[in-house]
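*Asks:* If you want the building blocks of each chain, they are given just below.
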Amino acid sequence: MLQVSLYRYNPETDQEPWTQEVEFDSGGKDLMVLDVMEQIKAQDPTLAFRRSCREGVCGSDGVNINGKNGLACITALSETVRDNKLVIRPLPGLPVVRDLVVDMSMFYDQYEKVEPYLQNSSAPPAIERLQSPEERAKLDGLYECILCACCSTSCPSFWWNPDRFIGPAGLLQSYRFLADSRDTATEQRLSKLDDPYSVFRCHGIQNCVGVCPKGLNPTKAIGHIRNLLLERAI
Amino acid sequence: MVTAITTMGRSGLSDWLMQRVSAVILLAYFLFIAWVVGNGVDYDSWKMLFSQTWMRIFSLGALLSLAVHAWIGMWVVLSDYVTARLLGAAGNVLRFVLQVGCAITLFTYVVWGIQILWGY
Numbered sequence: 001m002l003q004v005s006l007y008r009y010n011p012e013t014d015q016e017p018w019t020q021e022v023e024f025d026s027g028g029k030d031l032m033v034l035d036v037m038e039q040i041k042a043q044d045p046t047l048a049f050r051r052s053c054r055e056g057v058c059g060s061d062g063v064n065i066n067g068k069n070g071l072a073c074i075t076a077l078s079e080t081v082r083d084n085k086l087v088i089r090p091l092p093g094l095p096v097v098r099d100l101v102v103d104m105s106m107f108y109d110q111y112e113k114v115e116p117y118l119q120n121s122s123a124p125p126a127i128e129r130l131q132s133p134e135e136r137a138k139l140d141g142l143y144e145c146i147l148c149a150c151c152s153t154s155c156p157s158f159w160w161n162p163d164r165f166i167g168p169a170g171l172l173q174s175y176r177f178l179a180d181s182r183d184t185a186t187e188q189r190l191s192k193l194d195d196p197y198s199v200f201r202c203h204g205i206q207n208c209v210g211v212c213p214k215g216l217n218p219t220k221a222i223g224h225i226r227n228l229l230l231e232r233a234i
Numbered sequence: 001m002v003t004a005i006t007t008m009g010r011s012g013l014s015d016w017l018m019q020r021v022s023a024v025i026l027l028a029y030f031l032f033i034a035w036v037v038g039n040g041v042d043y044d045s046w047k048m049l050f051s052q053t054w055m056r057i058f059s060l061g062a063l064l065s066l067a068v069h070a071w072i073g074m075w076v077v078l079s080d081y082v083t084a085r086l087l088g089a090a091g092n093v094l095r096f097v098l099q100v101g102c103a104i105t106l107f108t109y110v111v112w113g114i115q116i117l118w119g120y
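Sequence lines, in order, name chains A and B.
Once you know that position 27 of the first sequence is 27 in the numbering used here, the rest is easy, because the numbers rise by one and skip nothing.
Once you know that position 66 of the second sequence is 66 in the numbering used here, the rest is easy, because the numbers rise by one and skip nothing.
To be clear, the hints were calculated from the coordinates, so they are not data collected in a lab.
A virtual CB, placed ideally from N, CA and C, is assigned to each residue, including glycine.
Treat the hints with caution; some may be incorrect.
Unchecked claim - Some but not every residue of chain B turned toward chain A, in silico, with C-beta under 10 angstroms:
| no. | residue |
| --- | --- |
| 1 | M1 |
| 2 | A4 |
| 3 | T7 |
| 4 | M8 |
| 5 | G9 |
| 6 | R10 |
| 7 | G12 |
| 8 | L17 |
| 9 | D42 |
| 10 | K47 |
| 11 | M74 |
| 12 | W75 |
| 13 | S79 |
| 14 | T83 |
Unchecked claim - If you want the ones that stay clear, here's a sample from chain B, every Cβ over 12 angstroms from chain A, calculated:
| no. | residue |
| --- | --- |
| 15 | L26 |
| 16 | N39 |
| 17 | W54 |
| 18 | I57 |
| 19 | V97 |
| 20 | G101 |
| 21 | Y109 |
Next comes chain A alone, as it looks inside the complex (with noise of 0.2 angstroms):
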């Protein structure tokens, strides 16, 4: 039997958070997190957590799983369990609304100060913008993040000030327009960063990287911002 402990907290009815500790039986096979949490579920309607396509496209399932965050919908029981052990947590770092659900609401203000869009001052071809096959292998790496925010909330830069560094997710955003052709927007783009936090609370830990569940490497695209900043100003 696998010992799972599940993060509760529900604000109306509970003082603090508490844990409950449940005996699965997963009958021999490799299921992934998310179904034991919706197994459980079918047994304890009260547990909340937030899921979708199950299948590792929408990022809503973002927990901490094993104390490493993850999607619960891809990661397997055999690549986290240890001991017979399943430990769910929610994301660390931001507010818990209820037992596995957060308020991203910190998350997302940073990815909308990164103004995650296309900026183009020219005007507006006939057809479309176009762009080499070059130009296109740029953004390879940085367009394909869901924001299931599993990078942010395991970067401690983040912890202890989520109302000032962007944070992983967003400046792999920033990055992907900054590296964009087709957009024009980077000399304003540049300069709204280059203050101690924004992007310099990067220490470069790489936590960010090694949960990244679509394998992106949002460090590297910080080191491309900086070196974009410091191409600019020396």
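Following the hints, complete the assembly by docking chain B onto the known chain A.
*Replies:* Just chain B now, with coordinates in the frame of chain A:
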């Protein structure tokens, strides 16, 4: 853009660059000192070494690098852990006091260092 007036150079980029450059100077200095000590020193050779102007400039450079490096590093640590976010309104006051303490300590080390380097 987040404003912060207690950092070394006001800009994140300049702080970042100063921290890297000062780290390289400190590394070079301590490797050099380790090499000198490793080769064996006595009082006369040590005094001879430090009586040369280039060594005094090198040492002063290392000392100033230490001050810059420590200022930036301590600011980063303090603005992570000693903040209004974690400690309430008193957090900002406490951080400022600690930072002034760091500044006075570093200033003392620099002046004292100059006294040692050119005083003997």
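*Asks:* Does each hint hold? Answer for all of them.
*Replies:* How the hints compare with the structure:
1. M1: M1 (chain B) check passes; min Cβ-Cβ to chain A is 5 angstroms, inside 10 angstroms.
2. A4: This hint holds: A4 (chain B) lies near chain A, its Cβ roughly 5 angstroms from the closest one there, short of 10 angstroms.
3. T7: This hint holds: T7 (chain B) lies near chain A, its Cβ roughly 5 angstroms from the closest one there, short of 10 angstroms.
4. M8: Holds, about 9 angstroms.
5. G9: holds (9 angstroms)
6. R10: Hint on R10 (chain B): holds, closest Cβ of chain A at ~8 angstroms, below 10 angstroms.
7. G12: holds (3 angstroms)
8. L17: This hint holds: L17 (chain B) lies near chain A, its Cβ roughly 7 angstroms from the closest one there, short of 10 angstroms.
9. D42: violated (42 angstroms)
10. K47: violated (40 angstroms)
11. M74: Violated: closest Cβ of chain A sits about 13 angstroms from M74 (chain B), beyond 10 angstroms.
12. W75: holds (8 angstroms)
13. S79: Holds, because the Cβ-Cβ distance from S79 (chain B) to chain A comes to roughly 7 angstroms (cut-off 10 angstroms).
14. T83: holds (7 angstroms)
15. L26: Non-interface label on L26 (chain B) holds, nearest chain A Cβ at 18 angstroms vs cutoff 12 angstroms.
16. N39: holds (35 angstroms)
17. W54: holds (27 angstroms)
18. I57: holds (25 angstroms)
19. V97: With a cut-off of 12 angstroms, V97 (chain B) remains clear of chain A, as the shortest Cβ separation is near 19 angstroms.
20. G101: holds (20 angstroms)
21. Y109: holds (23 angstroms)
Taken one by one, the earlier hints fail for this structure at numbers 9, 10, 11, listed in ascending order.
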